[in-house]
Amino acid sequence: MRIYRIRRDWLSFKILITEDAIHKKQYKTEDTIIPTNKIVKIVQIADGVSIQSEEANKFLYIPKNIENYEEVLSKLNSLKPIEVSSLMSLRIPSEYTIQQHIKHGSALKRLFLVIGVVLGVLLILFLLLIILLL
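The opening position of the sequence shown corresponds to residue 971 in my numbering, with each subsequent residue numbered one higher.
Hints were generated in silico from the structure; no laboratory data involved.
Take the hints with a grain of salt, since some may be wrong.
[To be verified] Cross-link-like lysine to aspartate or glutamate pairs, in silico, DMTMM-like; alpha carbons within 25 Å at most:
1) Lys1011 to Glu1025
2) Lys1050 to Asp1017
3) Lys1079 to Asp990
4) Lys1028 to Glu1000
5) Lys1011 to Asp1001
6) Lys984 to Glu1037
7) Lys1011 to Glu1024
With the hints as extra help, turn the sequences into a complete structure.
Okay, structure coming up:
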């Protein structure tokens, strides 16, 4: 099941590079738009390219295995020269790209779900204990 979700998420990964901005769209993530005048640097690492903006929470990672990767590099290089990292052996986990912009609240929802399940189990155990004592 998890493999299907990751594959579906990977298949939905889309990048649009214009003269004005870089747009990223992906299933279950917020769209990310970085205006070209806000790009601080573009760094090539072993498994792709990292695009860093002036805002610390706005960044993109484009994996090397995206279609037309060389064309993407060429377009990015025309916006701002690409720096080659001295850590070319650095590898980014594939889940990072999928989860780099998870919608807010998802961790909170999981926490409430876990708390609800724990409280439900405790309630059932308490009721069983009362029944056994009667």
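Q: Decide if the proposed pair is consistent with the structure: lysine 1028 and glutamate 1000, CA atoms, cutoff 25 Å inclusive.
A: OK: lysine 1028 and glutamate 1000 at ~11 Å, within 25 Å.
Q: Below or equal to 25 Å on CA atoms is what counts here, so check lysine 1011 against glutamate 1024.
A: holds, 9 Å
(Q) Check the hint pairing lysine 984 with glutamate 1037 against an upper bound of 25 Å on the C-alpha distance. (A) holds, 10 Å
Q) Within 25 Å, alpha carbon to alpha carbon, are lysine 1050 and aspartate 1017? A) holds, 19 Å
Q) Taking only the CA atoms, is the gap from lysine 1079 to aspartate 990 under or equal to 25 Å? A) violated, 36 Å
Q. Under the criterion that the straight-line Cα-Cα distance not exceed 25 Å, is the pair lysine 1011, glutamate 1025 satisfied?
A. holds, 12 Å
Q | Agreement of lysine 1011 and aspartate 1001 with the hint, judged by alpha carbon distance not exceeding 25 Å | A | Holds, at roughly 20 Å.
Hint 3 alone, counting from the list given before, is not met by this structure.
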